[in-house]
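S.K.: Both chains are given apart, each in its own frame, so use the hints to dock them into the complex.
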Amino acid sequence: KAGVTQTPRYLIKTRGQQVTLSCSPISGHRSVSWYQQTPGQGLQFLFEYFSETQRNKGNFPGRFSGRQFSNSRSEMNVSTLELGDSALYLCASSTGVPGRNEQFFGPGTRLTVL
Amino acid sequence: GQNIDQPTEMTATEGAIVQINCTYQTSGFNGLFWYQQHAGEAPTFLSYNVLDGLEEKGRFSSFLSRSKGYSYLLLKELQMKDSASYLCAVRDDKIIFGKGTRLHILP
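Those protein sequence lines, which keep their order, are chains L and C.
All residue numbers for the first sequence refer to the numbering used here, where the first residue is 1 and numbers rise by one.
All residue numbers for the second sequence refer to the numbering used here, where the first residue is 115 and numbers rise by one.
Chain C on its own, in the form it takes in the complex (with noise of 0.2 Å):
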């Protein structure tokens, strides 16, 4: 079957470092995306990983194990305005999402 986990919240301060953990079980692989979905707003791409290793994007990083059906986002010097919510997605034949984890950014 086809699985996508994420844990559905977290908290983490202003100018600290979150990493958000991301485990699938899916029949193929062509691909693991990670977005962003602030309240009341539609997602917006933030990262793609194909290969194993990690992908730098400025504050954003994302890393991927294919072995392991793992990935993890990084978010570094955390802003209030990254409260939101952050979507893991796998590609096989189609998109499938997790069901988002939650950030919620204390002052």
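Just chain L, same shape as in the assembly (with noise of 0.2 Å):
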């Protein structure tokens, strides 16, 4: 079974740019979400999808965005982006079946805004 996959693996944008980023989950799963990771402060939560509906949401100002396909595959969009959205950005996928759900990460997308 396919594991996830996140394009592109790496991004190199100015500040004011705007970015989208793809994840695709392995196959069965209809959760998506999505993770920012900086040194200083870890996994924080930006948003999670199932079967094309945004479910959660984190503290993230409304430059973040996302979407889930019915396919579920899953895009997030920064827009405006500034210095501090240098991170690298998670998608984790799971089933959406409450319980033991432990989620899939994908490798990331490291994204750098000069």
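It is worth saying that the hints were derived from the structure and are not from the lab.
Mixed in with the good hints, there may be bad ones.
[Stated by the list, open to error] Mimicking BS3-like on lysine-lysine, the simulated pairs with C-alpha atoms at most 30 Å apart in a straight line are: (1) C:Lys213 - C:Lys182; (2) L:Lys13 - C:Lys182; (3) C:Lys190 - C:Lys213; (4) L:Lys57 - C:Lys208; (5) C:Lys171 - C:Lys190; (6) C:Lys171 - C:Lys208; (7) C:Lys208 - C:Lys182; (8) L:Lys13 - L:Lys57; (9) C:Lys213 - C:Lys195; (10) C:Lys171 - C:Lys195; (11) L:Lys57 - C:Lys213; (12) C:Lys190 - L:Lys57.
[Stated by the list, open to error] Residues from chain C that keep clear of chain L, each with C-beta distances beyond 10 Å, as calculated: (13) Ala130; (14) Phe147; (15) Glu155; (16) Arg205; (17) Leu220.
Computed from a predicted structure; not experimentally measured.
Even glycine gets a Cβ: it sits at the ideal position worked out from N, Cα and C.
M.R.: Right under this line is the structure:
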């Protein structure tokens, strides 16, 4: 079974630009969560999508948005990039079924904002 | 508020045992996870606890006390490859991660 894939793996942008990151979950998984990881803050929850609906949202500004398609693939978008958005963005997929529901992480997209 | 605390760094010797503690304060509780993350890699799942008690899986064990808001991850017979960050995470309506404990293994 293929794992979680994320594209692109690396990205360099400048302040004010926008970026779209993509995540393909494990086949059969309907839940996709996005996280931002920085050395100082650790893993911070951005949002979770399940069956094309946003199920939960973290405490990030409205510049961060996402969506999920009918095939469970998900994208996240960051508009008006700021230097502080430089981070590793991780996507995790799970079945979405309540209970023991471990997440499987993709390799991440390393975003650098100059 | 939501808060998960774990030590920032720990050091242990190859072949020894180490216990990594995690305390949490969350509005709800639907399970606690431990993940391992090697430098430059994505986190990988280690364990899940939802009921009080000890869950053992090979060299790794995880303990939970819901009344105390406390968990620990126990690593036995430490190997050099266990050098990594260990992340404690709690699910209420979403999964909240601690900042991780960086474990250094000395030969």
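S.K.: Against each hint, give a clear statement of whether it holds in the structure.
M.R.: Hint-by-hint comparison with the structure:
1. C:Lys213 - C:Lys182: holds (20 Å)
2. L:Lys13 - C:Lys182: violated (45 Å)
3. C:Lys190 - C:Lys213: holds (23 Å)
4. L:Lys57 - C:Lys208: Holds - the C-alpha atoms of Lys208 of chain C and Lys57 of chain L are around 8 Å apart, at most 30 Å.
5. C:Lys171 - C:Lys190: holds (11 Å)
6. C:Lys171 - C:Lys208: holds (25 Å)
7. C:Lys208 - C:Lys182: holds (21 Å)
8. L:Lys13 - L:Lys57: holds (25 Å)
9. C:Lys213 - C:Lys195: holds (21 Å)
10. C:Lys171 - C:Lys195: Since the Cα atoms of Lys171 of chain C and Lys195 of chain C sit roughly 17 Å apart, the hinted pair holds (cutoff 30 Å).
11. L:Lys57 - C:Lys213: Judged against 30 Å, a Cα distance of about 19 Å means the pair holds.
12. C:Lys190 - L:Lys57: This hinted pair is violated, its Cα atoms lying about 37 Å apart.
13. Ala130: holds (26 Å)
14. Phe147: Label violated. Min Cβ-Cβ 6 Å, cutoff 10 Å.
15. Glu155: Incorrect as stated: the minimum Cβ-Cβ distance to chain L is 8 Å, not above 10 Å.
16. Arg205: The claim is violated: Arg205 of chain C sits with its nearest Cβ about 8 Å from chain L, within 10 Å.
17. Leu220: Since the minimum Cβ distance to chain L is about 23 Å, Leu220 of chain C lies beyond 10 Å and the statement holds.
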